[in-house]
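What follows is each chain in one-letter form.
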Amino acid sequence: GAVVSQHPSRVICKSGTSVKIECRSLDFQATTMFWYRQFPKQSLMLMATSNEGSKATYEQGVEKDKFLINHASLTLSTLTVTSAHPEDSSFYICSARAPGTGLTGELFFGEGSRLTVL
Amino acid sequence: GENVEQHPSTLSVQEGDSAVIKCTYSDSASNYFPWYKQELGKRPQLIIDIRSNVGEKKDQRIAVTLNKTAKHFSLHITETQPEDSAVYFCAASTSDTDKLIFGTGTRLQVFP
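Quick note, the sequences are listed as chains A and B, same order.
Take the first sequence: its letters are residues 1406 to 1523, numbered as in the working numbering.
Take the second sequence: its letters are residues 243 to 354, numbered as in the working numbering.
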């Protein structure tokens, strides 16, 4: 199946700093990627849809100025958590749809990035 | 927007028994319903999916049923094994929004 890779897998930062997480589709091109957030023992909450070459679409309640998304190429989307605070500590996971499956098809997930803000 | 509810939140079964997890969705336009399995600290993996043009799909010990009228779908695992222990998520999406909305998850424990 399609491979999605995320980096870093773990990051610890001080409060007030910014952290960038990368999501790459390794063997296919993804015009759309999705960023989810998962708190411990909870579900995956969709944060935003990342669109190659255009602005990301954010879900209601997600601050676009805090969670900057850039999808500059067909294989790379980045999520930057700006001025991170302890409440931003979470598991961030990206995903992309398998090519050729249309608008409804299997989502492949990255390994996830666990952010801890001290 | 779409809202997906999932029950139960935890499920414990004896090895060899069956497990059933149920989900309901709110958007009648939803037409794709996957189930994902997530082991601790790992990424979700698709185990089975169903589209709105069929009512049931089976893959070895795993089956999914869909009732479009009632807007609910279920995951059935037969002859459970300890390695089936994980968190299972249902999800729903429509071809219009292209977004996959997840249920709240079910933690399945299979005891030997």
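If you're looking for bench data, these hints aren't it; they were derived computationally from the structure.
Keep in mind that the hints are not guaranteed to be accurate.
Some chain B residues flagged as far from chain A (calculated, every beta-carbon gap over 10 Å) [claimed, not checked]:
no., residue
1, Val255
2, Gln256
3, Ala261
4, Gln287
5, Lys299
6, Ile304
7, Asn309
8, His314
9, Thr320
10, Gln323
11, Ser327
12, Asp340
13, Thr346
14, Arg349
15, Val352
In silico BS3-like pairs for lysine-lysine, Cα to Cα no more than 27 Å straight-line [claimed, not checked]:
no., chain 1, residue 1, chain 2, residue 2
16, A, Lys1419, B, Lys341
17, A, Lys1460, B, Lys313
18, B, Lys341, A, Lys1425
Cβ coordinates follow ideal geometry from the N, Cα and C atoms, glycine included.
We went through each hint and held it up to the structure:
1. Chain A leaves B/Val255 outside its interface by the beta-carbon criterion, the shortest separation being 19 Å against a cut-off of 10 Å.
2. The Cβ of B/Gln256 sits about 23 Å from the closest Cβ of chain A, beyond the 10 Å cut-off, so the non-interface label holds.
3. Residue-level check passed: B/Ala261 sits 19 Å from the nearest beta carbon of chain A, beyond 10 Å.
4. The beta carbon of B/Gln287 is not kept farther than 10 Å from every beta carbon of chain A, the shortest such distance being approximately 8 Å.
5. Here B/Lys299 stays apart from chain A, with its beta-carbon at least about 14 Å from theirs, past the 10 Å limit.
6. Every CB of chain A lies more than 10 Å from the CB of B/Ile304, the least distance being 15 Å, so the non-interface label holds.
7. The claim that B/Asn309 lies off the interface holds: its Cβ sits roughly 19 Å from the closest Cβ of chain A, which is beyond the 10 Å cut-off.
8. No Cβ of chain A approaches the Cβ of B/His314 within 10 Å, the least distance being about 17 Å, so the stated non-interface status holds.
9. The beta carbon of B/Thr320 is kept farther than 10 Å from every beta carbon of chain A, the shortest such distance being approximately 23 Å.
10. No Cβ of chain A comes within 10 Å of the Cβ of B/Gln323; the nearest lies about 23 Å off, and the non-interface call holds.
11. Every CB of chain A is more than 10 Å from the CB of B/Ser327 (nearest about 15 Å), matching its label as outside the interface.
12. Its closest Cβ contact with chain A, about 5 Å, brings B/Asp340 to no more than 10 Å, contrary to its assignment away from the interface.
13. Not every CB of chain A is more than 10 Å from the CB of B/Thr346 (nearest about 5 Å), against its label as outside the interface.
14. Annotated as non-interface, B/Arg349 brings its C-beta within 10 Å of a C-beta of chain A; the closest such distance is 8 Å.
15. Against the 10 Å criterion, B/Val352 stays outside the reach of chain A, whose nearest CB is about 18 Å from its own CB.
16. Between the alpha carbons of A/Lys1419 and B/Lys341 the distance comes to roughly 33 Å, so the proposed pair goes past 27 Å and is violated.
17. Pair hint A/Lys1460 plus B/Lys313 does not hold up; C-alpha atoms about 33 Å apart against a cutoff of 27 Å.
18. For the suggested pair B/Lys341 and A/Lys1425, the alpha carbons sit about 23 Å apart, so the restraint of at most 27 Å is met.
This entry does not satisfy hints 4, 12, 13, 14, 16 and 17, going by the numbered hints stated previously.
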